[in-house]
Amino acid sequence: MANTILGEMGDAALVVAIGRWRQDALAEAFRRHAGAVHALARRVLYDSAAAEEVVQEIFLRLWNSPDRFDPDRGTLRSFLLAQTHGRAVDILRSDLSRKRREEKDARSTAEAGYDIEREVWDLAVADHVKDAVSDLPVEERRAIELAYFGGHSYREVAELLGAPEGTVKSRIRSGLRRMRGSLTAAGIGAP
Amino acid sequence: MNTVRNHDELRELLGAFALDAVNAEEAVAVEGHLTTCPRCRDEVREHREVASLLAYAGTAAPEGMWDRLAAMLDDAPPALAPPALGLTNHSAAQVAARSRGRGAGRGRIASAIGAAALVAALAAGGIQVQSALRSQDNQIESVAKALTQDASRTRLLGEAAAAALADGARQVHLVTPDRTPIADAVILATGDGYLLDKGAPRLPEGRTYQLWAVTGGQKLSLGLPGRHIDVLTFKVPEVTDALALTVEQAPGAVVPQNQAVGYGLVKR
Chain U
1 MANTILGEMG DAALVVAIGR WRQDALAEAF RRHAGAVHAL ARRVLYDSAA
51 AEEVVQEIFL RLWNSPDRFD PDRGTLRSFL LAQTHGRAVD ILRSDLSRKR
101 REEKDARSTA EAGYDIEREV WDLAVADHVK DAVSDLPVEE RRAIELAYFG
151 GHSYREVAEL LGAPEGTVKS RIRSGLRRMR GSLTAAGIGA P
Chain L
192 MNTVRNHDEL RELLGAFALD AVNAEEAVAV EGHLTTCPRC RDEVREHREV
242 ASLLAYAGTA APEGMWDRLA AMLDDAPPAL APPALGLTNH SAAQVAARSR
292 GRGAGRGRIA SAIGAAALVA ALAAGGIQVQ SALRSQDNQI ESVAKALTQD
342 ASRTRLLGEA AAAALADGAR QVHLVTPDRT PIADAVILAT GDGYLLDKGA
392 PRLPEGRTYQ LWAVTGGQKL SLGLPGRHID VLTFKVPEVT DALALTVEQA
442 PGAVVPQNQA VGYGLVKR
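From first to last, the protein sequence lines stand for chains U and L. Counted from 1, the first sequence has number 40 at position 40 by the numbering used here; the numbering is strictly sequential. Counted from 1, the second sequence has number 458 at position 267 by the numbering used here; the numbering is strictly sequential.
None of these hints come from the bench; they were simulated from the model. Being a predicted model, the structure only gives us computed values, none of them experimental. Where hints are given, some of them may not hold.
Here chain L is said to cover these stretches of chain U; the calculated rule only asks that three of the stretch's residues, wherever they fall, bring their Cβ under 8 angstroms from a Cβ of chain L [stated by the list, open to error]: (1) 32-41; (2) 47-57; (3) 73-84.
Far from chain L by the CB rule (all over 12 angstroms, computed), these chain U residues [unchecked claim]: (4) Gly-19; (5) Val-138; (6) Gly-151.
Glycine included, every Cβ here is placed at the ideal spot set by N, Cα and C.
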């Protein structure tokens, strides 16, 4: 099958092709999503070599176990990024020295007021995402940044921000919902 | 450590859960809850979609990364060693997926079934489970997979027998170049098919049978029975002229590298 056809395939069909050992289908999935996977891994790990290992692991997982992707539970990008984040945080948490360093960075970030907009600077929908982020109350924005990009648990975030755990838990959830509302209103995101 | 008990408490955790910011106990509790609560499952999906927008940096992966990955695919795909029953992990997963997903619509890629489902979902969800717990999960998954494969095989043999009698079912007899039977296949009107052994010899280590659909001169891989053809499910394209069986270097080939050892015409 020609690559042009692969290029037109939806995620679900692409993963079916991967399940049939179509390496060109994996290459197409890589072309679509590896940039985001790598960027997220590097952002969480602050380490390009480690980020590349995560990229390889995530796409090897897709190659070996494509059935783990369930299109009813979200897009392929979302699936791959969730896997990426889980793996990156795993690495981060298994490396205590890195964790301590990250905590230090995160603490100073939290104190300085983190500018999450920098993370979404080059996307076709970047303006809308930036708007959605900048519309967040600062407490919600910080909680999400520390959890997602800092790889911290909500308990650690609570400690870093000096806020009750229950409050941080709620801020993360309400912030994500608020962003979704903004993005949906702007016509962005999955229905 | 607090024990999460009720629905409201679990719902409050969904945002943190979606960002891998909960501990192992909470992750397991939420994941278990998600199997029975579509509303919360949708919410987690939505949170992850939002997170995926935040994560995107709009840049391609660094140059050369695909080449390095592709080289790994060629040399040593790590999880493709044929397990018991001669099914590769890949085809076993497809067996599991199809046994649950049949009738649920073409193209749907279902999760693994039974006990493996929760364990697989834990891994698939990208949730943060601490190393010790994850190690236990892996052990459970291995056992669950073996049990699932055994149950799947029995069920598949029954399904294949029933399929042979179904309306519109097409029988395909694969024979070697000297006309010796090597495998039989049944293809249902839906395109779902079953491949059954008919005396194919067990292959040496490092080799695998591979089933192909021949359609318009092209050959599309349908699955990998492994070193021994036991029973394999597959799905054929709407227009399939023939089924072909080759012997390839494990874990399989993207396009056939060898002449067919078995071949059977699919009647329209």
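Now for the hints, and whether the structure bears them out:
no.	hint	verdict
1	32-41	holds (count 7)
2	47-57	holds (count 4)
3	73-84	holds (count 10)
4	Gly-19	6 angstroms, violated
5	Val-138	16 angstroms, holds
6	Gly-151	8 angstroms, violated
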